[in-house]
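Counting the sequence shown from 1 gives a position; the numbering used here is that position plus 561.
There could be a bad hint or two in this list.
What the hints assert, rightly or not - In the DSS-like style, the derived pairs of lysine-lysine whose C-alpha atoms are separated by at most 25 angstroms in a straight line are:
{"id": "1", "residue 1": "687", "residue 2": "654"}
{"id": "2", "residue 1": "675", "residue 2": "654"}
{"id": "3", "residue 1": "697", "residue 2": "675"}
{"id": "4", "residue 1": "574", "residue 2": "603"}
{"id": "5", "residue 1": "654", "residue 2": "697"}
{"id": "6", "residue 1": "687", "residue 2": "697"}
{"id": "7", "residue 1": "687", "residue 2": "675"}
Claimed, not checked - What follows is a set of in silico ranges between Cβ atoms, one per label pair, in the way DEER data are often shown:
{"id": "8", "residue 1": "651", "residue 2": "602", "range": "39 to 49 angstroms"}
{"id": "9", "residue 1": "687", "residue 2": "626", "range": "34 to 44 angstroms"}
{"id": "10", "residue 1": "687", "residue 2": "615", "range": "44 to 54 angstroms"}
{"id": "11", "residue 1": "678", "residue 2": "615", "range": "41 to 51 angstroms"}
Derived from the structure by calculation, the hints contain no laboratory data.
For each residue, glycine too, the CB sits at the ideal point set by N, CA and C.
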Amino acid sequence: MSDVFENVMELAKRRGFIWPTSECYGAVAGFIDYGPLGAMMKRRIENIWRDFYVIREGYYEIECPTIAQEAVFIASGHVAGFADKMCQCPHCKEFLRADHVAEGGGIQNASTMKNEELAAALATCKCLACEEVLGKVEVFGFNLMFRTSIGLGSQRVGYLRPETATGMFGACSRPLR
562 MSDVFENVME
572 LAKRRGFIWP
582 TSECYGAVAG
592 FIDYGPLGAM
602 MKRRIENIWR
612 DFYVIREGYY
622 EIECPTIAQE
632 AVFIASGHVA
642 GFADKMCQCP
652 HCKEFLRADH
662 VAEGGGIQNA
672 STMKNEELAA
682 ALATCKCLAC
692 EEVLGKVEVF
702 GFNLMFRTSI
712 GLGSQRVGYL
722 RPETATGMFG
732 ACSRPLR
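Based on the provided sequences and hints, a complete structural model is requested.
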């Protein structure tokens, strides 16, 4: 990451905009808490959005649960296709987005390649973490959705919705009535 990005992130942490979630237990990448200033800024942005789309433009706003049943995500194609192409560096064992590594190595259209093609193309690329040449790696799909069970002792599968718009499609006809 660039020094500018690191400096901005450090300033945001010091000033109370964002912090790594559960930092005292060893934070996990991609999870953040909004501090006092961050929460305030987020709410202001949401209110500007609401003012424009809901009040001025007349759109309807709905709120949907964060978890939905599997049928919703089968119908939307998320269960079958909401995955990133990943590989693991044989040297440092870091998991990497294979298409990002390939594109960083100058390989065009990496995101549209089949896994086998991408694995072959990655052989001469360097790991983004340790900078060693990857060599032979396996490319695999990693589904980005969090799977859970719905109900006590239930075998009913649900997922944390991966996109904020997903809930809207399940309720699509209700607001129009």
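Hints, one by one, checked against the model:
no. : hint                             : in the structure
1   : 687 with 654                     : holds, 13 angstroms
2   : 675 with 654                     : holds, 22 angstroms
3   : 697 with 675                     : holds, 16 angstroms
4   : 574 with 603                     : holds, 15 angstroms
5   : 654 with 697                     : holds, 13 angstroms
6   : 687 with 697                     : holds, 12 angstroms
7   : 687 with 675                     : holds, 20 angstroms
8   : 651 with 602: 39 to 49 angstroms : holds, 42 angstroms
9   : 687 with 626: 34 to 44 angstroms : holds, 43 angstroms
10  : 687 with 615: 44 to 54 angstroms : holds, 48 angstroms
11  : 678 with 615: 41 to 51 angstroms : holds, 46 angstroms
Checked against the numbered hints given earlier, this structure breaks none of them.
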